[in-house]
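Residue numbers (UniProt numbering), protein chains in the order written: chain C, 1 to 361; chain Y, 1 to 361; chain X, 1 to 361.
Treat the hints with care, since some could be wrong.
Note: identical chains are not told apart, hence a pair may lie in one copy or across any two.
Below, computed lysine to any residue pairings styled on SDA-like, alpha-carbon distance capped at 20 Å [unchecked claim]: (1) K206 / F221; (2) K118 / H345; (3) K334 / W255; (4) K66 / L86; (5) K118 / F336.
Hints are computed from structural coordinates only; laboratory data are not their basis. Keep in mind it's a predicted model, so treat the numbers as computed, not measured.
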Amino acid sequence: MNMNMNMNDFIQDKNRISIQQEQEGKSKFPKNQWYVVGLSKELKDNLISRKVLNIPLIIFRNVEGKAVALEDRCCHRGMPLSSGTLENGQIRCGYHGLLYDGYGHCVEVPGQDRIPAKAKVKSYFLIEKQGIIWFWYSFDTEPNISDVPDYPYHEHPDYLYDGDVYHYQAPYQLIHDNLMDLSHLAYVHLKTIGGNAKIHMNAEMKVVQNEDQVIVKRHMFDSDPPPTYAMAYPFKSKIDRWQEIDFRVSHIRIWTGGIDAGSDSLENPDRNGFNMRGFHGITPETDETCHYFWTMATNPKQDRENIANVVIEQTRLTFDEDKIVIEDQFKNLKQFESTDMVGIHIDVGLVRARRMIESLI
Amino acid sequence: MNMNMNMNDFIQDKNRISIQQEQEGKSKFPKNQWYVVGLSKELKDNLISRKVLNIPLIIFRNVEGKAVALEDRCCHRGMPLSSGTLENGQIRCGYHGLLYDGYGHCVEVPGQDRIPAKAKVKSYFLIEKQGIIWFWYSFDTEPNISDVPDYPYHEHPDYLYDGDVYHYQAPYQLIHDNLMDLSHLAYVHLKTIGGNAKIHMNAEMKVVQNEDQVIVKRHMFDSDPPPTYAMAYPFKSKIDRWQEIDFRVSHIRIWTGGIDAGSDSLENPDRNGFNMRGFHGITPETDETCHYFWTMATNPKQDRENIANVVIEQTRLTFDEDKIVIEDQFKNLKQFESTDMVGIHIDVGLVRARRMIESLI
Amino acid sequence: MNMNMNMNDFIQDKNRISIQQEQEGKSKFPKNQWYVVGLSKELKDNLISRKVLNIPLIIFRNVEGKAVALEDRCCHRGMPLSSGTLENGQIRCGYHGLLYDGYGHCVEVPGQDRIPAKAKVKSYFLIEKQGIIWFWYSFDTEPNISDVPDYPYHEHPDYLYDGDVYHYQAPYQLIHDNLMDLSHLAYVHLKTIGGNAKIHMNAEMKVVQNEDQVIVKRHMFDSDPPPTYAMAYPFKSKIDRWQEIDFRVSHIRIWTGGIDAGSDSLENPDRNGFNMRGFHGITPETDETCHYFWTMATNPKQDRENIANVVIEQTRLTFDEDKIVIEDQFKNLKQFESTDMVGIHIDVGLVRARRMIESLI
Ligand code: FES
Ligand code: FES
Ligand code: FES
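Next comes chain C alone, as it looks inside the complex:
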């Protein structure tokens, strides 16, 4: 685990604290959460310019190689710092050359010896852990590192994973809605992992909930393995399948897979068999747009690299299809004043997830 900055240093930084107070009370998004702001694979010796939760950020690695985020606005005349250049873990503005360190403090004003006390930009608290870069979103509460979500399948020896970042022209909750219901697979994903609509729709669904999670489970026994499964895993014959959705405010975990019929209890979270473990970090960009950070981890037994690649690429195709549907849905919703929606049985998960978000805003 790779922690950014010393926690005490950071919390005592007056710059950061005053920022948070200034914005108090304005959010439309759940506060006091760790949100995904990037994947480690995106951030090498480059700059990332990314707006999250209505805050334009520049993300880069500081002199120690740790991921840091500053407000993307030079304190001098407002240039985006992301148009500047990285100099050994510090960022130089491309207009008049002010140089900032990873805390957002100006450390050089060309042609001027004294650095004005106010010459700094807001900095934000990041933690990079298991290939995911998390961003602490709060107005008044200090971050607790032990609350950073743990995602072991990015460092589990049996698993291989990869992923990507999608930008959505749709608000984040429409992606929640989509992921909380696996039955749309039958219609949206006809060309990839979709199957017989009736079987998907009719499988028994259990929903459980606690303070931080909504869990939707569907188990289908004694089925034929679908083609992707058969390709990826040496099943003997019929299989028991699971689809399990674990909703949290900042991200959703979706476990799907199958095991030789009757060979283990599907209630065992460490059950064997073929596993597809999807991570879905969904972070608002603005009120009407969001970022979608996904990874797919799988545990092939043989020909591991190849099979993992195939599973990941098939996953990507379904996400591409979802993106078209969801953006289309949002565009349409905006055409109508009415927000009436008629509920059906598959909505139970999304209704609970929306209720949880609602309670936090």
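Guided by the hints, dock chains Y and X with the ligands onto chain C, whose structure is given.
This is chains Y and X with the ligands only, laid out in the frame that chain C set:
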């Protein structure tokens, strides 16, 4: 004549009636009118997604082949139904598969036996007649089929016709303005049917009006036939020409043509000679955009198909030119706060047409 | 010097006067100023459609060849006159053919003998002088021709010049800011005329001000001539350099150059040596956009055409770079609510220029 649905069935449909009450009092467009919503040639076994009068519609043929229109918004989670698929005269939503009939009633919820009572979408009343699909726009008044406009030149044995649908980045009344004045031909249509500006501008113009129509007539005697006329019709020598505009709220009919000089009274509406009968259905899409449905019917004596095609294609060119002018005009009007306009003699028709619209809003 | 129209005729024109009263009190821009509206080289026998100070204009040469400006909106139905055609110094509307003279009076209505008294469009007062077309912007004050700025380097026998017109997606004051500080050269213009950042930033800077001007001067003695200078002028060895910015509300003059070290006082405005005299006319288009009219005049001793071209083209490259930076800056500023800016030493010129503008609005 091909009537959609049984009138009594339709009127008693609670779904439809409640819709109309909900919207009451919001319109910026003349109510209790049949507007053109499509040409029959557009609608085969396809879906049309079209917004008219600020209402997003999906238009398709129901199981009996009759044109129907539903609000383009799935009652479940708001997907455009026009992203779905047509299944034997019913429309299936592309997200979770709800199936709707031509009345907008949900007839299937995949994976669920009971169909919720509220699972339906608004439906609208269409009549398809003589190649034109008409849409009843009202908040409180039931449609009267006998009020659907009659347009016999789409089924007259002497006439051939064709047409098209244009989308305009301009409000519908700017097209009215354009069509109510034939004198712009001289300037806008230099390359096609335009002629000597002075002759057009100076011909005597008569305007008559009743409750539902504004009629502008211009007759020009003993003229040379313009090239298109000479090509299309075996005139002996000089001709008497007419230009007659018949404005109605939902559409405009423009009759132009010529006859051997002195061979008939131009007051005879069934006069012989070369006739170009233009139908112009202009339906608001939004406050700032509209649809323009046009057809051109003509009565060549010989080489009928060829000559009709030439006349229709020359007509198309003039409409293409008008579109550029009108969209340009609208873009410019939006730049200015002032709406002052100075009237000139040719405006008499458009002023009356605007007054009629005004009285209906 | 080429004066447009007779001043008395113009001032007594009721049309123009009433316009100005109508708009009274609405401006966000300094009033009672001559602004640049075009370069003479742009206006031959063509129309220019250009919005300045939120006023859409059509600019053309009247029957006497003098530059005139009318509001770009036909008084009949609002078509842009700039879609019309120029007929011997008069402009004919492309819709119904109204013809206007250079004063904005309608002089012909096709098909109608009487011209309505109201048939005219607003006209504005232009002066063309030394290759620059100036526009009088006022609501209540009559223009004084003797106030039109004098720019002798467009007609000086030792100088050659050329220039261009850029459209900026940024408000005019961001260009002022940019030009009032020459030190950004070091960062923005790395590839062209930029030099060592420290030398630029550390040179002593003097700022003087009077009622109409802010002047910023920087002199650098006994330097090596930069490559452009050495190419353009036969220096003996070391040179004394100057950078002088003369800000006025409507335009900025920037003199840079060098002379053999010690051979003349840099305080002499007519000093010899290599001169680059930049003219920068910056005219608001809207609150968020502007026009930038620039010329570069230089005085090569030998191979005059070639060297002038090289100097002008190198200048163009730096302006292209500035445009990217400034538009980027503006886009970023719009993302943030806060308008806080931290001042540094190089801001002294821009602060005074902004204060002068502020005092005039
Ligand atoms: S705007 Fe960043 S240094 Fe001036
Ligand atoms: S949105 Fe149409 S079925 Fe769910
Ligand atoms: S709009 Fe210019 S002449 Fe009619």
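Going down the list of hints, with the structure as the test:
In this homomeric assembly, K206 and F221 come within 20 Å of each other (Cα to Cα) only inside a single copy, at 15 Å, whereas the closest approach across copies is 82 Å. For the identical chains of this complex, K118 and H345 are inter-copy neighbours only, at 14 Å across copies versus 56 Å inside a copy, given an alpha-carbon limit of 20 Å. Within a single copy, K334 and W255 get their C-alpha atoms no closer than 32 Å, and across copies no closer than 42 Å, so neither meets the 20 Å cut-off. Taking the shortest alpha-carbon separations for K66 and L86, only the intra-copy value of 14 Å comes in at or below 20 Å, while the best inter-copy value is 54 Å.
Proximity of K118 and F336 under a CA criterion of 20 Å is satisfied inter-copy only: 18 Å between copies versus 47 Å inside one chain copy.
Against the hints set out earlier in the document, a violation occurs for number 3 only.
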